[in-house]
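Undergrad: Listed here are the chains, written in short residue letters.
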Amino acid sequence: MSRRIWQPFFALILLFGCGREERAGEQSRPVPQTAATETASTPTTGDWLVMHELSDPEQLNPLTSNDASSSAVLGFIFESLLTRDPRTLELKPLIAEERPEISQDRLIYTFRIRKDVHFQDGQPITGEDLLFSVKAIKCPFVNAPFLRVYFNSLVDAQLLDPYTIRFVTKEPYFLNESVLGGITLLPRHYYDPENLLQRVTVRELTQDPGKLPSEVKNFGDQFNRNYNRNPMGTGPYEFSMWKTGREVELTLDSNYWGNSKAGIDQPHVQRLKFRVVNNPDAALIRLKSGSLDFMEVLQPIQHIRGTSSERFKREFQKYEYFAPTYTYIGWNNDHPIFRDKQVRQAMTYLTDRKQIVKSVLFGLGEVVDSHIYLFRPEYDKSLPSYPFDPQKALALLNEVGWRDTDGDGVLDKVIDGKKIPLRFEIKINSGNAVRKSVALVLLDELKKHGIAASVRELDWTIFLNDVKNHQFDAVVLGWQMSTTEPDAYQVWHSSQAANKGSNAISYKNARVDEILELYRREFDAQKRIQMYKEFQQILHDEQPYTFLYVSKRVSAVHRRFQGVEVFPDGLRPIDWWVPLAQQKYVSTVTAQ
Amino acid sequence: MSRNESSPASFESAEFETATVAVESAGGLWSDVWRRFKRNPIALTGFYVVSILAFMALFADFLANDIPYYSVYKGKSYFPIFRSYVVGVKLGRWPAELLNVDFKKLEGAKSIFPPIPYRPSSISLLEPLEPPSAKHWFGTDKLGRDIMAGMIHGSRISLSIGFVAVGIAVVIGIILGAIAGYFGAWVDLVISRVFEIMLSIPTFFLLITVAALLPPSIFLTMAIIGMTSWVGIARFTRNEFLRIRNLDYVTSAIALGVTDRKVMFKHILPNALAPVIVSVVLGIAGAILVESALSFLGIGVPAELVTWGSILHEASGATFAWWLAVFPGAAIFLTVLAYYLVGEGLREVLDPRLRGLR
Amino acid sequence: MVPTFVGITLIGFLIMRLAPGDPAELRAAGGLGAAAGGGISVEKRGAVDEAMAQWRAQFGLDKSLHVQYAVWMKNLLTLSFGESFKDNQSVWGKIAERLPVTVRLNSWSILVVYLVAIPLGIYSATHPNSFADQVSTLTAFILFAVPLVWAATMALVFICGGDFYYLFPPGGLESLDFSDDWSVWKKIKDHAWHLFLPVVLLSYDGFAGLSRYMRASMLEVLRQDYVQVARAKGLAERVVVYKHVLRNSLIPQVTILASILPGLIGGSIIIETIFSIPGLGQLGYESVLARDYPTVMALFTVSAVLTLIGILVSDILLSVVDPRIVFGRRLQ
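Chains as they are written, first to last, in our numbering: chain W, 2 to 593; chain V, 3 to 360; chain H, 95 to 426.
Just so you know, these hints were derived from the structure itself, not from any lab. Heads up, a few of these hints could be off.
BS3-like, lysine-lysine: derived pairs with alpha carbons at most 30 Å apart [stated by the list, open to error]:
1. V/Lys92 / W/Lys419
2. W/Lys244 / H/Lys281
3. W/Lys359 / V/Lys107
4. H/Lys281 / W/Lys585
5. W/Lys342 / W/Lys585
6. V/Lys268 / W/Lys449
7. V/Lys107 / W/Lys414
8. V/Lys264 / W/Lys393
9. V/Lys144 / W/Lys314
10. V/Lys92 / W/Lys414
11. W/Lys448 / V/Lys268
12. W/Lys382 / W/Lys419
13. W/Lys319 / V/Lys268
14. V/Lys264 / W/Lys448
15. W/Lys244 / W/Lys319
16. W/Lys448 / V/Lys92
Looking at chain W on its own, in the form it has when it is part of the complex:
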């Protein structure tokens, strides 16, 4: 009786298991013999790029989305006034005709926009749309509080003529041009068809929300609710569909306004698909089996072991490059143990950073000693790196009074009349295997030298809360830096230590404060570099953080894509294309 049940099962396995060849290739295109005229250097349109996303975008609303997946998708659909040259990172005009005019007092920015730009539905843009975009950002009822803070210093915006806009800012700040240049251009006729924001001015929007007319609230509600799955902008790719939890698809707009125009990116891939695979191991498997073309982030282990077969090397190209994030151990400078800079220095001497990069990161990183991104001119290369030196560390600790007086294996010291053991807790957030390893390695080393540290893993939001409220002895965290001009004010200025600011370790140094303030008003790049060099030297001596490393990222791209290059900001799929002979996917809608 039971045997009869099993037979159909085996049959099923055979039936479905043999589908290998068919599945792996998806819909392959027969190779046309006329490929002879194609040269490897003329970009051809066509084919699809299937990219891996670790999570589904939360929503595709150009203003309210706040997560990485949404940004990845929206970056192809929308454009802004200015953009950055991918190689030099200099600001350059996109929707604007040129970089803005800045007034003498550095408070007024005037932009002129191009007249030949149109949206994906064909409608040409005017200054109206730009003004609307600004109003939408400033509207307090739009669910974008985290975007709005960037624009706190913007107090007014007005159209001088249909294609010229004038911005007024509150105080001089050299990054204002970049911020204003980053305003996303939204089509008013699409996002505000009833023109609800017409009567309110930008200046009014910066004032008391209670006084605003009800249309403004209506606009906010509508905008938050109705525009999360149907973005439309001026960019080269149009939104095509979104299967929730599975994939988002964008198609090349054949009528893109920037086609064949100088200085504008000309994309060639016919379709972009962002495929969601939550599990990185499953993602690698899909990459290998052909369902993904591009994985932006390979885990270190996947890089070392999972992607070295001959077959993999034949089909994919890996790129290794620095990602602008660095990881650090933050010592609570208000904690009785960490008040002395010698203790903090000792901790740095006890962290074998080189070995961590080698073993925990599998070499995918580099030790850093500063808050500034490695490749910026502001980075001070002359700083001597703290080596791994436990003897020196112990000497430093002894110097400030830490000894094991009771033979229990743990150093102790009398502070404020009480004998305190050198015991503290390092907090980390859950979900990050690398940081956990770093903490555990540190722990192990510390134990060997009489320091009883422990690790506590917390859920992300609880962790963030504790960090903000300074409820920690030490934390392992990372900062994302931008590859463009740095501004360390928020993290290092003493004023940011109160009120749950980013200076969570309560670092206070008068000279550093001074430098940070002057820096913001300095419009001369060379002078800024000098200021920051001094700033880094002070930090180096004081070790408020133990700076760990800057990570390297490894990406894998299917070899059929040409034009793949690593830029300071990473890879740019918008540049890629596939020669006709190697194109894998065919769109049923005929391309140009």
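Take the given structure of chain W and dock chains V and H to it, following the hints.
TA: Using the frame of chain W, we list chains V and H on its own:
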């Protein structure tokens, strides 16, 4: 249908009706049970496995440790492992020359080490992810920690989670079940509603919610598993109490004026325990499975602790390192299997109806 | 029914709320990506407290707990689950999108388990203690003891592409180029191929439980007096077993259905996560981590409703199948 994730003791065997079991020999009920249990070779094997695991858990510090049993250094002899216990409870101190010393590298010391000369937490960055070898019998993980040491010490966690979780479940289950079955009427009605609610809660989801949101702690995990899995035991207890309550000896005890509490726990309970015992054994196995699922997801286990589930969690990130998956997976599997076999064996012995067919 | 419903929702509500952690914080940090991947963006950390307060007020999180619960219950009565914190989508919409997937996965699993376990149980009961019985018992136990997380990971690594064999897809519900204008047969094949492994993994441990239960149940019935009577009357053994015994021993199996339904959401969490299947389990897990209160509450509620439905259904089925109840009614 997933037993692995649902409440451990919610799996219910065929309804039990134990008559007060007739004793076959003069040795008392339990020696009788043991004799009959021994006749089942499979169940007996399970029992031996469980005992071995218990031994391993109890003596983990002596089986895998990086400090020796006995060491002769500079003319004096020491017993470091014992000493570490003493220092740990603050009743002694390390002599200066032995403070935080690495016994393996100590010059001039002659030491006898435990069979596995590693602690589960000893990190060795120079030997990450090594396959099984003479040096590390079960290989190492990504931080160079010895897997076998991790397995041995991990048995402590797995077993204690099982025992504590089920212990909590038993206490809650027996109390509620007894009250419901003894008093009947509206008390039973209310408590049965509570049963229904508990059964309807998506337990695994609840577990994840609590374990993911609160700071990870083994005790918390144990407590939660216990607090969500008592319903099966409670129902058995209730049914038994309902049945036994009407027996003559009970009604006469009540008539004689014995207090309710005494009747419940001294007279009825001992006879109602049979199905509970089986549930307990199965429940332990279930709790171990649930814990492995939670650790696999990376929640519920504190960062420094090495458990079978946490090793498995690492395995998912390094799939070529088969030893990270095979050994803990096998350990969980064998442990769970052993408990099931013991549970089945017990059921066959304790359930009089099945006995007739042997 | 009602107290159960209230009880469950209350528990769900309390747990979400009393747990530490602030969803506003998560929005500020740009979702969970920052936790796992790079660091926090320095710029985004700028004065966002005011922004978070605003956000909290918008979702009514600044009111006291009882008020929040009352508001939620009131909304519920108007069948509105509110909007998700993560993406402002209607929670019901998100659930409705994923419900069919989970239901499909679990229905197949339940079906497979019954199809395999019942015959197995019958065979064991009719040939007790035979070699086959013992082997199948042992196999069932072995399957029962294999941890799901292990089996699933091993499957993913070894037979889903990657470095070893490619028998099944490593996840998802349908192929990349699935299109609506495929033939019905092609669509069915594709879905079956994708679901095969998840269903098998979800079911294998049920084989043990249910087959043992079936076996015990049948053995119990076989010992009853009326079976002896039927045999004495001269009925063929086959008829005795399949006509009388089977019917009566199937009855308790029906009640198990009621206990399965609450597991629907929790049970598939692991499978859905490992195989990237967009079902309710995955939604539940992500929502918990993202502290998306409305969604978690909604899932608890849906689970409560499913359970109550399950109890109802199994009561109905019971009354249909159990001859004592049926005949009892007829006699009246």
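Undergrad: Does each hint fit the structure? Answer for all of them.
TA: Hint check results:
Pair hint lysine 92 of chain V plus lysine 419 of chain W holds up; C-alpha atoms about 19 Å apart against a cutoff of 30 Å. Of the supplied pair hints, the one linking lysine 244 of chain W and lysine 281 of chain H holds, its CA atoms being roughly 17 Å apart against a limit of 30 Å. Restraint check for lysine 359 of chain W and lysine 107 of chain V: the C-alpha separation of about 24 Å stays at or below 30 Å, so the hint holds. With a CA separation close to 22 Å, the supplied pair lysine 281 of chain H and lysine 585 of chain W stays within the 30 Å bound.
With a C-alpha separation of about 59 Å, the suggested pairing of lysine 342 of chain W with lysine 585 of chain W is violated against the 30 Å cut-off. Restraint check: the Cα-Cα separation between lysine 268 of chain V and lysine 449 of chain W comes to about 55 Å, which exceeds 30 Å; the hinted pair is violated. Of the supplied pair hints, the one linking lysine 107 of chain V and lysine 414 of chain W holds, its CA atoms being roughly 29 Å apart against a limit of 30 Å. Between lysine 264 of chain V and lysine 393 of chain W, the direct Cα distance comes to roughly 69 Å. Violation of the 30 Å bound is thereby established for this hinted pair.
Taking the CA atoms of lysine 144 of chain V and lysine 314 of chain W, the gap is about 25 Å. The hint holds against a cut of 30 Å. Between lysine 92 of chain V and lysine 414 of chain W the alpha-carbon distance is near 18 Å, which keeps this suggested pair within the 30 Å criterion. Simply put, lysine 448 of chain W and lysine 268 of chain V have alpha-carbon atoms about 52 Å apart, too far for the 30 Å limit, and the pair is violated. With a C-alpha separation of about 42 Å, the suggested pairing of lysine 382 of chain W with lysine 419 of chain W is violated against the 30 Å cut-off.
Pair hint lysine 319 of chain W plus lysine 268 of chain V does not hold up; C-alpha atoms about 72 Å apart against a cutoff of 30 Å. For the given pair, lysine 264 of chain V sits about 54 Å from lysine 448 of chain W by alpha-carbon distance, which is inconsistent with the 30 Å threshold. The suggested pairing of lysine 244 of chain W with lysine 319 of chain W holds, with an alpha-carbon distance near 29 Å, which does not exceed 30 Å. Of the supplied pair hints, the one linking lysine 448 of chain W and lysine 92 of chain V holds, its CA atoms being roughly 18 Å apart against a limit of 30 Å.
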